[in-house]
Structures are given as C-alpha cells and as structure tokens.
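Protein sequences appear in the order of chains A and B.
Counting the first sequence from 1 gives a position; this note's numbering is that position plus 94.
For the second sequence, counting from 1, position 56 maps to 54 in this note's numbering; every step adds exactly one.
Where hints are given, some of them may not hold.
With a Cα cut of at most 30 Å, we get these calculated DSBU-like pairs of lysine-lysine [what the hints assert, rightly or not]:
no.	chain 1	residue 1	chain 2	residue 2
1	B	Lys68	A	Lys170
2	A	Lys148	A	Lys216
3	B	Lys126	B	Lys37
4	A	Lys148	B	Lys207
5	A	Lys337	A	Lys322
6	A	Lys122	A	Lys216
Listed next, the stretches of chain B that the computed footprint assigns to chain A, with coverage defined by at least 3 CB atoms under 8 Å from CB atoms of chain A [what the hints assert, rightly or not]:
no.	region
7	7 to 16
8	132 to 141
Not close to chain A: a few residues of chain B, all C-beta gaps over 12 Å, as computed [as the list claims (entries may be wrong)]:
no.	residue
9	Leu75
10	Phe111
11	Val113
12	Ile115
13	Tyr164
14	Gly195
15	Gly198
Source of the hints: derived by calculation from the structure; they are not laboratory data.
This one's a predicted model, so the numbers in the text were calculated from it and none came from an experiment.
For every residue, glycine included, the Cβ atom is placed at its ideal position computed from N, Cα and C.
Each chain, letter by letter, is given below.
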Amino acid sequence: MDAIEVLNLSYAYEDQKALEDVTFSVEKGEIVTILGPNGAGKTTLFLNLVGILKGDGEIKLFGKRLEDYSRRELVKTIGMVFQNPDDQLFMPTVFDDVAFGLINLGFERGEVVERVNEVLIKFGLEGCRDRYPHHLSFGEKKKVAIASVVCIEPRILLLDEPTANLDPISREELVKIIRDLNSDGITILIATHDVDLALQSDRVIILNRRIVKIGKPKDVFLDLDTLKQNGLDAPQIVKLFLKLGFEIPQSLDEAIEIIAKRCNSFH
Amino acid sequence: MMHHLIDRYYHLNSFIHSLDPRAKLIGFFILILSIVLIKDLLACIFALVISLIFLFLSKLPLRFAFEQLKYGLMFLLALFFVMLIFGHKPFEMLLRAISALILIFIAFATSRFDVSIKALNQIGFPNKLTQILMFAYRYIFVFAEEYERLSMALKMKGFKRKTSKYTFETIAKLIATLFIRSYERAENVHNAMLLRGYTGNPSTISSFKITAKDLMFVTLSLYLAISLHIIAWML
C-alpha cells in the first residue's frame, strides 16, 4: 500500500513557480530521499504534504485524500521536522516541547509523562529533560526536534535536511535514529543535499521543481550527467567504485564486503 | 551558548526558594497590591524594610540583585526627579515602587522562569499572556545570538561604531535584518505548532504541590499587607 501518493502537484509563490506537475508515490515502510539543489521546491513539497500549503493537484496519505483528514487525524498520520531546530523547539524546556503535541491531542497527564520519558530514553536525551533548548548543542536540538514529532507516533515522518550542520558523530547518531524509526514501521521521506545519506535510502527522487528522476540510489547515482545538470554530485564512495569498476555499494559494510570479495578473487 | 537571565540562582536553598511557585506569586502579589495602595511615608519605609528582609531571606547575592534591578531603579530615579518638580509625594512613590520592584524580582528570581510562567498560568493569568511570556523567554536568546553573529560579521568587515550617520544607518539595517528573520521564524514556529495539533489552549503540564509551609507564607503575606495599612491608619 502506498503511504504517500502525489498526483500532478503544482505550487507557486505569487508568480514564482516552486513545483510543477510533481507526481510520485512512496510505499509504506520505505525510506525515500528527495535530492535537489537549493530552491528546488523540497520544503515546499513537504509543506504541501502536511497540509500547510495547498497547491493544485492531489495528495493522498494511505489512500485517503489530504482534504478528507481532520487536523487531529493528520497530526497523527504525518509529522514534519524542520531544517532549523530553533523553529521547532518553541517551548521553554525539552520536556514541555516533547509533550506539546501529546497534550494538544488530549492525552492524559500520566500517559504524556510516560511517553515523553520513553522517547527521551530512546533518543538518549534523558539527561536533557528539564534543560532549556537554548542550552543544548545543535546536535541535541536536532534530536529533540525529531523526538518532539516522533512521540506523537506519526505513520509518516518528513525530515527536512536532517543532517545539515551536524558534526560527524552527531550525523552518525542521527542516521542510526532514522534507521531505527524506519524499522519501527515509520515511512520516512527525507529532503537533503547529503548524497551519502541518500545512498542509504530505499529510493531517491531528484526534484528540481519537476521530478527529474526516480530510482534506486545505485541507479540514480550512476547517472552522473543528470546529477550534474541539477547541481548535484554522486557520493565519493560511488565515484571511487565507478573508477575501480566495482559494483556500487549502498553502505560502508557493503563496500567492505565488495572489496573483500574482489581481494579474495585475486587470490 | 549559555544564557541566564533573572533565574540564574533558582537552585539556591532558601525558605523562599522552597515555596510552591503559585503560593510564592500569590503571596508577593498580595503584598505588592497592598504596598502600591499605601500613601503614608512611614508605612512606605516599612514596606521597603519588608522587601529587603525578603531579599535577605531569599539568599540571592546582593550584587546579582543590584545588576538585575539597576535599570528599573534608574528609571524610577528619573521618574522621582520629574515627580519632585511636578508630582505629589515623590518620596512615597519612589519607596513604593522600589519595594514592589524588589518583591517582583524575588518572586521570579527564586524559581526557574518556565516554572514561574506555568505557575502564573495556573493562578489564572490569561493564557495568551503566559504564552507570549513563554515564547519571549524561549526566543530572546535566539534573537541575542543572531544579533551577536551579525555584530561579529560587521566587525570582521572592519565596521567600527562611531557617533556618525553611517553607524546609525548600519545599526538600523542590522536591526531590520533581525526583524525580517524574526518574522520568517514566527511563520515557521506557527507552522510547527499547527503540525503538532496546536489549538490555542494551554499546552503544558506541571506538578505543583501546596504544603502547610506555603499556606503559612500566603497567610504571612496577607498579615503583612493588612499591617501596612493599619500602620498607615494609626499614623
């Protein structure tokens, strides 16, 4: 079953076209990455998917038209994490921020406390419970921003540039969180410039106001001309393996496996 | 970046710190209300003494208290000089205002600011007002950091503050940039709130507990508030 279906979606800011005739679908349980240069319409697409912007065309979530969802149903179905965590963390403490959505959805006090504590432990943030957001590091803020949406348990999660401005360790932690959330059954759509992150997803969509290409990461990253025409580049590991004439890996483990196989074949 | 404002010493261990924030606010509000209504000079001096005793009981460092109160005191002094020329009973006004200022300071400096806002909400302050306070407290630091970054960028480009038209124009442009960014941020924050089901209702939970000590404090405040007026009446 498709978690997201987008049919001929177009959107313009006054006379500036942001999205033109965008059509794609995301299967339930998939991780799909939307790649595109700055101004490609990635955030606009996300804001349309969550019903904040209303473009021309049709959007369906789990087979139901977006217009037919009540705000409450929509909040429980799809969540979005913004690029800048300072836009997402508006309450005075981490606890208040993570609890915000649950309180709005009418959860009982005990359940709110329990779910917030669970999510904070899951994200390794239990020590930050009563801290002010302005006392957190950027990486911690990013994690809290995701936790504040995940605690509502949406079925679809949209992540806008989740790895932007993160140090390598925070980035790795975040990638692990994304994988864990996906293995919990959450369908994930990521808008990013991070081609290494895209390499680890199930499918990649290149968006440049229109859909340019959709496919498996390996197929998309082999099309170097299309990437270049759209201001993108293939991951370094893909370029290296292409030069070596090896099969393209999807992760570091897979790369090691391919190299080991090749080494063994030389012996 | 670590920023602290009025609640830098919320963690101290004093009688005032240990009070339930709601009882603390109610007790101090009763006292403040009583103080602003007295007109007698001696009663005003007595009110100031009460405020200073509470400041002493709170164990807040005096230097910190002065730092936090200095702008308010400067404003009151300016008002006092105006009142000296045009006003009626300027000394009484000054003493009343300083006493009230000290009590408000103690009420908010002895609890975490977010806890004080929640307490305000629970004792019946309008929801919109407490939400504005919450957002102000959250984003004042983001705003300050952005201002620092932009100031740093100006310095790196060789900008030096002088008393010149160019300096004023540059600072005005910097402030305009901050306003535009804040406007854009406000839109994003509003969207983020809607996406988490915001409907305009209070969205916080708190675990306050009133004890005998808190009731005693409110009673004491009430007693002092009435005493001030009895003193004024007797004189």
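Hints and how they fare:
no.: 1; hint: Lys68/B x Lys170/A; result: 49 Å, violated
no.: 2; hint: Lys148/A x Lys216/A; result: 34 Å, violated
no.: 3; hint: Lys126/B x Lys37/B; result: 34 Å, violated
no.: 4; hint: Lys148/A x Lys207/B; result: 46 Å, violated
no.: 5; hint: Lys337/A x Lys322/A; result: 17 Å, holds
no.: 6; hint: Lys122/A x Lys216/A; result: 23 Å, holds
no.: 7; hint: 7 to 16; result: violated (count 0)
no.: 8; hint: 132 to 141; result: holds (count 7)
no.: 9; hint: Leu75; result: 33 Å, holds
no.: 10; hint: Phe111; result: 7 Å, violated
no.: 11; hint: Val113; result: 9 Å, violated
no.: 12; hint: Ile115; result: 7 Å, violated
no.: 13; hint: Tyr164; result: 32 Å, holds
no.: 14; hint: Gly195; result: 4 Å, violated
no.: 15; hint: Gly198; result: 10 Å, violated
Violated hints, in rising order: 1, 2, 3, 4, 7, 10, 11, 12, 14, 15; the structure is consistent with all others.
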